[in-house]
Structures are given as C-alpha cells and as structure tokens.
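Participant: What follows is the residue order along each chain.
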Amino acid sequence: MIRETEVDGVRTLLSPKSGPLAAGLTFRVGRADETLATGGITHLLEHLALHHRGLSDYHYNGATGSVVTHFHLQGSADDVVPYLTGVCDALANLPVDRLELEKGILRTEAAGRKVGAGDAMPPWRYGAQGYGLVSYEELGLHRLTADDVREWAATWFTRQNAVLWITSDEVPAGLRLNLPDGTLRPVPRPTSALPSTPAYFSERFNGVVFDAVVRRSTPATVFAAVLEREMFRSLRQEGGYSYVADASYHPRGDEFATVTAFADALPDKNDAVLGGFVDVLAKLRVGRIEQADLDSVRTRAEEALRQADHDAIRLPAAAMNALTGQPNPTAEQTLDELRAVSVDDVRAVAAEATATGLLLVPAGLHAKWAGFSPAPTSSTAAVAGLRYQSRQDEEVKLVVGDEGLSLVDGSNAGTVRYADCAVVKAWPDGARELVGLDGISVRVEPTLFPLPAEQLARIEANLPLDKLVRMPARDPGAIPRATPLAPSLPQRPQATARVVFLTVIASIMGVLTLLCAGVLATADPANNPDDEGLHDPSMFLLLGLLLFGTVAFSVWARKIAREREGSR
Amino acid sequence: MREAAQARDWPGVEAGFGGLTDAATQLKAVKVVGGLLDRGFLEEILAANPVSALAGTLLAWRLSDDGWKIIGREWGRSVTHTRFAGFHDNLNRAEQILVDVTAREPGCTSAWIERLNTARGLNLGQAEARRRYAKIEPQCYPAQHAMTRQLSPKWNGSYEAMHTFAARCATASPPGSINGAVVAAAHLEHWQVLHRDNRTAATAYLKQPDVGQELRSAAEHSLLNPAFRPVPGWVAAAGTFAMAFSLAEDYAAAAHHFNALLVGGNLADEAPWNYLGDPATVFVDHRDRAFGR
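In order, the protein sequences belong to chains A and B. Under this note's numbering, the first residue of the first sequence carries the number 1, and numbering increases by one thereafter. Under this note's numbering, the first residue of the second sequence carries the number 569, and numbering increases by one thereafter.
What the hints contain is simulated information worked out from the structure, not anything from laboratory work. Where is the CB? At the ideal position from N, CA and C, for every residue including glycine. Treat the hints with caution; some may be incorrect.
In silico lysine-lysine, DSSO-like type, Cα no more than 30 Å apart, as pairs [unchecked claim]:
id : chain 1 : residue 1 : chain 2 : residue 2
1  : A       : Lys103    : A       : Lys467
2  : B       : Lys599    : B       : Lys637
3  : B       : Lys637    : B       : Lys722
4  : B       : Lys637    : A       : Lys368
5  : A       : Lys114    : A       : Lys103
6  : B       : Lys596    : B       : Lys703
7  : B       : Lys637    : B       : Lys596
8  : A       : Lys368    : B       : Lys703
9  : B       : Lys599    : B       : Lys703
10 : B       : Lys596    : A       : Lys368
11 : A       : Lys467    : A       : Lys114
12 : B       : Lys599    : A       : Lys368
13 : A       : Lys368    : B       : Lys722
To spell it out: a stretch of chain A is covered by chain B in this simulated footprint if at least three of its residues, at any positions, have a beta carbon under 8 Å from a beta carbon of chain B; those stretches are [claimed, not checked]:
id : segment
14 : 264-270
15 : 273-287
16 : 364-371
Label-pair restraints from in silico Cβ distances [as the list claims (entries may be wrong)]:
id : chain 1 : residue 1 : chain 2 : residue 2 : range
17 : B       : Gln707    : A       : Asp268    : 25 to 35 Å
18 : A       : Pro480    : B       : Asp657    : 38 to 48 Å
19 : B       : Arg764    : A       : Thr108    : 55 to 65 Å
Next comes chain A alone, as it looks inside the complex (with noise of 0.2 Å):
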C-alpha cells in the first residue's frame, strides 16, 4: 500500500519495508526535455546538486533518466534530513564555481560509459531530439553557463514538479524542502524520424536488435516476456545461434512503452539470427502463444508482486508515474489484470509491436524480405546553391545554399536546413558539422572542398549561433588532408574540347538535314507526286537518320557542357 501526503508542497510517497531506509527526491526533466546543443545540463545540475555530500557513512546518489531525474540515498532516518535538505540548498543556490570541474568529470564518465545493445535504436526512431537524445553525447557540456544552469534549475527544478518518496510510513521529522514554485512539467511529445514502421537499419553488429512502441499495459508487460521466452528458444536453445537473447519493457513517460529485444550472434550466425527473430515475433503475431510460457510468466509476475516490500520497491516508479501523470495501480489492481490476460491479448500486443518496430540488422543484411523498410539514411532532397566538388572524391559535393547545407554523394543528399539545425560542432581547425532534427549531418572540412574565403564566411554567418558548440581542438591527425584525384584537373579541358567536337559534329549533320531536305522539296510533291524521288523510300530514311543525328549529338553535347558547369 502506498500513502500519498504532501510535504512543502511536494507530493509524498510513503510505503514502509524492512532493512534500511531508501528515500528519493524525483524530478520531472530528463535527458528528453535537452536539445542536442544543451545535452547534458540536467545532468550536470545532478551533479551540481551532490558535490557538496562529499562522503559519508551513508549510500546516495542521482540518476538521470529520459524524462525524470532521481536523487536517492539508503540509510537511516536521521541520514534522509540531511541528504534531501542539501540537495535542495543546492539546487538553490548552485555552486556554479565548480561548473568545469563537474563539466570534466561528465565527460569522463561518459568517455567510460558502456554503450548497450538498444542504444542504437532512439535516433533513428526519434532523430536529434526529444526521445532521441538518450543515445547521443552530451554537447552542451561544451558550451553551457552558469546561468543556464540557474535557468535549468528554476525551470524544472521545482516543488510543482517533484515527487518524494520514502520507504517509511512517516516523514522524518524536521524535513524540509526548500524548492522555488514553478509547474509540473507534461511530458515531451514524441517526434519521429521514420516515414514508415516497420523500419529497419544495418550497423556493424553481430545480432539483431529491435524496439516496438506500444500501449502501456499489463498484457504488454506480459509480452515482453513471453517474446524474451520465444527467442530464449528459438535462438539459444533450439538453432544455438545466440548466447543473450533477452526482451524488456520500459515505459517511456506517457501512455506508450518501449519493448526492447536483443540477441547476440556469431559473425557468421547472423542471417540466421535475424531469419529466427523474424519468425519469432511473427509466432506470437499470429497467436501461437505458448500456455506454459503465459503461464510462467503469470507466475513469476505474481510472485514479485506478492512480495512483502513489493509497494515500497516500487516507490521510484510510482514517483515517476506520478510525475508523468500516469495511474499508479495497487499490487491487487495488476495482480487482476495479470489474471485476466489472455493468447488473445498477448497476440494484439505482438501486432501492434510489429506495426511499430524498428530493427537493427547486422551489416550487410536487409529486412525488406520480412516487410521492413529502410530507415532514411539521407534527405529526401540537396539545398538550392553552388556545388563544390570534393578533393577527394569527385562523386561527393557540398552544396552552400541560403537555407542550408547539403553533401551530395552521388544520388544521395544529406541536408541540414539552419531553420531544422540541432546542433552546430564547430572545431577551432575551421570544420563545422551541422546536424538535423531528423539526425542526418552535413560536416563541411575546409580542406576537402574548395570553398573561397567569402563562401565560408557567409557559411558562417547563417549559421544558428544559440545551437553553436564550439568543440575542443582536434588532433592533428584527425583533421582530413585531400588527397589530389589526378583526373579531375585534366577533366574541364577534355569536356570543352569534347563540347566543341559534337557541337561540330551536330552542325555538319544539321546541313546535310537540310540539303536532304531540300532535294525532297525541289522534287515539288504537291504539284509532282509521281516524282521518283519521292517514290524513293531510302530518301526519306536518310533524312529521318540524319535528323535523328542533328539531335542525339545536340543533347549530347548539351549534356556535357551542363555536368561540366555543375561540377566548377
């Protein structure tokens, strides 16, 4: 059971269990509420907030999730008042001198940090923004200040939009939480980055991960399980393809869960491996659910939720429910919908999973075959503006326009609008990379393209100065040095002289057209038509060959003369 009071205005959750005490002071802001330019404040707030707790007898830490951000200890009673009471002074009153400090230790952790197998997934689910930043690095570090923190921290950090929880079944005496009024925070609307669903992309990955939006709910929860079951299976057990094969679910804030399935593969596994999780998931699309697996499932299910100190374990959750605006039902309420879930219900969660998944296949595997489409790797369309050839590659240009930037790798465009710029990576060496909303990036290297000094400059300045990250400088031998394509100088000459030998060609056919024609109307048809050079068929062929000449070799000389202006 989990008694709701209030203190300070904070809402209050209260639910007792045995051994030491656990309390937590929970936050509606995460890493989903940033921009990519200030990924990372909330974190840095976080840390901000703990520095001052130095060590102590007690256990506590903060954690920053998607869309809450937890400060939590385990200890006694008497260590709660302390602990909280500091975190608030904190946050009040910032100790903003140790700012670059806190802003190194970030990066260390985050240089250190252990890249999981569903982190791929959330930028190309949601792009560079929202629910997408989990996955990327914390750019703001680079460029925030203490008053953004101090904006940060009275925006979000408020007692509107905090939730405590203790596992006790009072409130320790004496605490207070001095917090600044503010609001509760809804939480972000979820942006997409896909056209369509199902997608899929390729990486270099040995195993195949997916990811399914779907409805919060218990038969959802139960599917994740019984998916984790199925592949457990097929893929380990029965084809010995994979060693992990695992399934999870995590709700995302609102009224929709995310359900995360990775199994591992050997290099030379992974066909298989994506063949079998293909089949896996379409065995529970189509219902053929096995009663065992719902059965242990339930079991297990119920189980965790009959454990004495079940409420009291799940007070950060019920907090972030409370949070997110979202139900927070007693064990009784889920032990009966876990009851009542059926095949049935098992299998419309399986449907709805497949029509949002999303699928990581391994390098040089596709999906098309099981109905998946590619995710876009490039935009749709290139920026209007003046096309420079790369150094490099000759297939690769930078279009420079006035709504944005675009490289164009053959068909292919990759386009960052300034109107739809995430981010600006901007290295002391002159390189700039621009990154979408959509995730896709346009990085401009000045020694690759052979952009004048004014082109870069107008660059420049249309470039949006508050997504600006100026980035530390780059080793030397990180910076691309062009390497010169020896047929490309003698190129242009070759194309003119090439432009003037079909002009010519295309003029000499011109006259003979003429003269061929010319004949056909001295022979007069409209006063003559039993003239024998008009009963000729090999007249009238010769005049259609060399009209159809005149033009081929016209076009074709247009043709060159116009890929010669567009690749100056």
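Chain A is already provided as a structure; the job is to place chain B on it using the hints.
Facilitator: Here is chain B on its own, set in the frame of chain A:
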C-alpha cells in the same frame, strides 16, 4: 484436383490436398494447382481465408514462380536492374506470406521448401537457409534438392559445401530411397556453373572418372537398388540421374534411367530438364541420344 482447380472450385482443391500426406506429393500438387489457378483468384481466396496454410502456400508459390519467370534461366550480371526489382518484389511478397504460414503451421513442409527457394532468390544467407532446412523432416528429397542449389557457388555457397551436403544426404538415406539423386543434382549444379563460362570444361567435369564413380554409386544405392520402389518424387530423381549421365556422355548409364521412366508409364517431370530449355524438347532429345536413335 486438376479438375477442381480448372473449375475454380476451392472446396474441391482443399479436399484434394486433404488427402495428400506425403511432402513430395504435396509439393508437386502445389506446383500443378498453383500453375492452373490464376493469381487474382488465389489473392481472393487468401483474403477470404487469411489463416489457410494452403491458400497462403499456393499464392506464395504463384508469386514466387512468376518472380523466377521474370529473370528466366539467366543469372548474375546479365539480368537487368528492373527485372531484378520485379523478381525481388514477387519473392518478398511470397516470403512474407510464407512467414505467416509457417508461423501458424510450423509443420507445413511445402511452405518451408518454398521458403528455401525464396531464401535463395533473395540471398538471405547460408546460415539462414540451413536454419530453414532444419525445420523440415529429414530425408525430404525436394528439400535436399533445394538446399543443394542453395549451397552452390551460384548462390554464394561453395562446391565443397554442396558436394559434402549431397554425399551426406545419400549416405544417410536407406538403400533404395530416392535421396541418392541429390548427388547427381549437386554434380549438375556444378556443371551449370562451369557451363556458363566454358561448355567444354563443364562436359569434361562430368566425364571425370571420380565424378562418374560417384554418380554410379549413388544410383546403385538409390534408384538402381533392388530395394527401390517408386515413391513420390522418383520421376524427378530418375530424370536427374538421366540428365547427369547424358551430359557426361555416358549414354548407356543414362539409358537405364530413361528406360525406367518409359517402363514406369512413359513418365517425365519438368525438373531437371527445364534447366536446359523447354523441358519436353530437351527430354526427348536426350532420351533419343541415350537410346541411340
């Protein structure tokens, strides 16, 4: 069943299939009925019976067959981009229908064999093909034949993997069964790959003494074994031996198999003769040569 198909009598077709228990017969029936029914009719039937494994398998077979017809007997770079796209579209659709069929009925052998063919055409990979093959009961000759083609270098396999697989199929099969013909099928695949670039080298390959010995041993273990009884699929198996011996210019050995087909009731299957052109013409040409006419 042929009559039922021609009359577009779906309950009749279903009833006909209901009486077939053998995988090879079922597959043969899928080919015959799938060829007689038009695509539009099969689409309607599947839409009306979305969970019918038979309707799904027949439509998928039809889509797949139409797809293979787009590229014909050509392969590799000689096939244009547009034709490949049409081929892939057909096979993708067929595969997606078959994914559902096998998800509902994991024991549907003809659907799994068809999935071996889509896996090959769509280049889904050797491990994936082996995964599919493992879903089919052992000693299923049409599945072994499909797997042999998959393992050929023509479809990114290797000669070694293909011949090893074929030899295993033969040794694992009881004397007098038709599975030994897989050895002949593998040599024909090998011949076909060589034949594209160099016809003489292809013939020389089949004329090698050890290849001839392998063909004869396989034939003695299977179709020429005293324990042999005609089972579904034996006509295609006999044709495979006949074609291999005929291309190896061992007409006497080829005549044994042509004769068996003649005695059996003047029988012939399209496979493997459709490898070389119009099956009827090719069959008669080779038989005449074997009979010394």
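Participant: Are the hints correct? Go through all of them and say.
Facilitator: Going down the list of hints, with the structure as the test:
no.	hint	verdict
1	A:Lys103 with A:Lys467	holds, 19 Å
2	B:Lys599 with B:Lys637	holds, 14 Å
3	B:Lys637 with B:Lys722	holds, 18 Å
4	B:Lys637 with A:Lys368	holds, 21 Å
5	A:Lys114 with A:Lys103	holds, 19 Å
6	B:Lys596 with B:Lys703	holds, 19 Å
7	B:Lys637 with B:Lys596	holds, 18 Å
8	A:Lys368 with B:Lys703	holds, 22 Å
9	B:Lys599 with B:Lys703	holds, 21 Å
10	B:Lys596 with A:Lys368	holds, 29 Å
11	A:Lys467 with A:Lys114	holds, 27 Å
12	B:Lys599 with A:Lys368	holds, 26 Å
13	A:Lys368 with B:Lys722	holds, 22 Å
14	264-270	holds (count 3)
15	273-287	holds (count 9)
16	364-371	holds (count 5)
17	B:Gln707 with A:Asp268: 25 to 35 Å	holds, 26 Å
18	A:Pro480 with B:Asp657: 38 to 48 Å	holds, 40 Å
19	B:Arg764 with A:Thr108: 55 to 65 Å	holds, 60 Å
Violation of the numbered hints given earlier is absent; every hint is satisfied by the structure.
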